[in-house]
Amino acid sequence: MKGRLRNVKITEEAKNFSLISKEKIKDIRIEGDKIYFEEKIFDDLVVEICSGTGDFLTQYAFFNPETLCLGIDYAENAIFRAVKKAYQKQLDNCKFCCNDANAAIDLLKLDCATLVYINFPDPWPKRRHEKRRLVTDKFLYKIYNILKKSGKCIIITDNEWYKDFIDYQLRDIKLYRPYYSQGWFITDNQTFCEQFPFYESGYFKKAISAGATVRFYVLDTQK
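Each step along the sequence shown adds one to the number in the working numbering, with nothing skipped, and position 220 is 220.
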């Protein structure tokens with residue numbers, strides 16, 4: 001999540017509706033081809049890492065009520081904004097967890113997610129912040145474990161330094177293959193949107209208005 005947000009006031013009712021603890025993630029289970037959570041049954045599980053203020057995921061949940069949507073972000077104020085949006089729209093298929101993505105992903109069941117989006121992750125380009133960088137080959141292995149057969153990991157970034165870093169992480173990876181014939185990513189958002197659900201967040205709009213080139217990486221599993 002980029003930048004700082006002012007403290008957000010949020011009701012306990014909103015928290016109880018949309019905010020889940022890291023431990024609660026363990027309750028998401030898969031039986032056959034269905035996802036079960038909080039006495040509800042869903043067709044799919046979609047996970048958004050770096051969910052920010054929830055612009056993307058709440059829209060996804062609204063247009064895909066049969067899908068359980070889980071957003072993960074470490075920034076509490078951003079998560080609270082996301083929770084308020086889900087509560088205001090009464091999206092009972094949209095849940096958010098305020099936690100480190102590495103720790104949260106470890107609690108998901110194997111082969112449970114159809115899509116994992118990593119939306120505009122912090123690049124952390126300074127060497128002293130190296131351990132904070134999310135999109136590493138090690139983390140992508142974790143994502144692979146939670147993806148269903150034919151599942152996809154989608155990484156979206158506009159940061160030039162991070163693009164090179166991601167390319168480096170993918171150079172020798174064996175568990176995935178490029179979804180696109182021309183390589184790991186495309187930069188045509190219209191083409192991407194024709195193939196995968198995508199809803200514009202505030203950060204995406206800001207990147208486009210600034211003239212940045214956004215890359216859409218799509219990693220296809222080889223299960």
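Hints are computed from structural coordinates only; laboratory data are not their basis.
Do not take every clue at face value.
Claimed, not checked - With a straight-line Cα cutoff of 25 Å, these simulated DSS-like cross-link-like pairs (lysine-lysine) come out: (1) Lys109 - Lys126; (2) Lys34 - Lys22; (3) Lys40 - Lys9; (4) Lys223 - Lys34; (5) Lys34 - Lys142; (6) Lys109 - Lys149; (7) Lys89 - Lys205; (8) Lys34 - Lys148.
To be verified - FRET-style restraints, in silico, Cβ to Cβ: (9) Glu13 - Asp111: 30 to 36 Å; (10) Asp188 - Glu12: 41 to 47 Å; (11) Asp220 - Ile41: 24 to 30 Å; (12) His129 - Thr11: 30 to 36 Å; (13) Glu12 - Arg177: 43 to 49 Å; (14) Glu12 - Glu39: 19 to 25 Å.
Glycine residues also receive a C-beta, built at the ideal position from the N, C-alpha and C atoms.
Each hint, compared with the structure:
1. Lys109 - Lys126: violated, 33 Å
2. Lys34 - Lys22: Measuring from Cα to Cα gives roughly 22 Å; hence the hint holds.
3. Lys40 - Lys9: Given pair Lys40, Lys9 is violated - Cα atoms ~29 Å apart, limit 25 Å.
4. Lys223 - Lys34: holds, 19 Å
5. Lys34 - Lys142: holds, 21 Å
6. Lys109 - Lys149: Measuring from Cα to Cα gives roughly 13 Å; hence the hint holds.
7. Lys89 - Lys205: holds, 22 Å
8. Lys34 - Lys148: holds, 12 Å
9. Glu13 - Asp111: 30 to 36 Å: holds, 34 Å
10. Asp188 - Glu12: 41 to 47 Å: holds, 44 Å
11. Asp220 - Ile41: 24 to 30 Å: Roughly 27 Å apart at Cβ, these two residues keep to the hinted range, so it holds.
12. His129 - Thr11: 30 to 36 Å: holds, 35 Å
13. Glu12 - Arg177: 43 to 49 Å: holds, 46 Å
14. Glu12 - Glu39: 19 to 25 Å: Holds, since Glu12 and Glu39 (Cβ atoms, about 21 Å apart) stay within the stated range.
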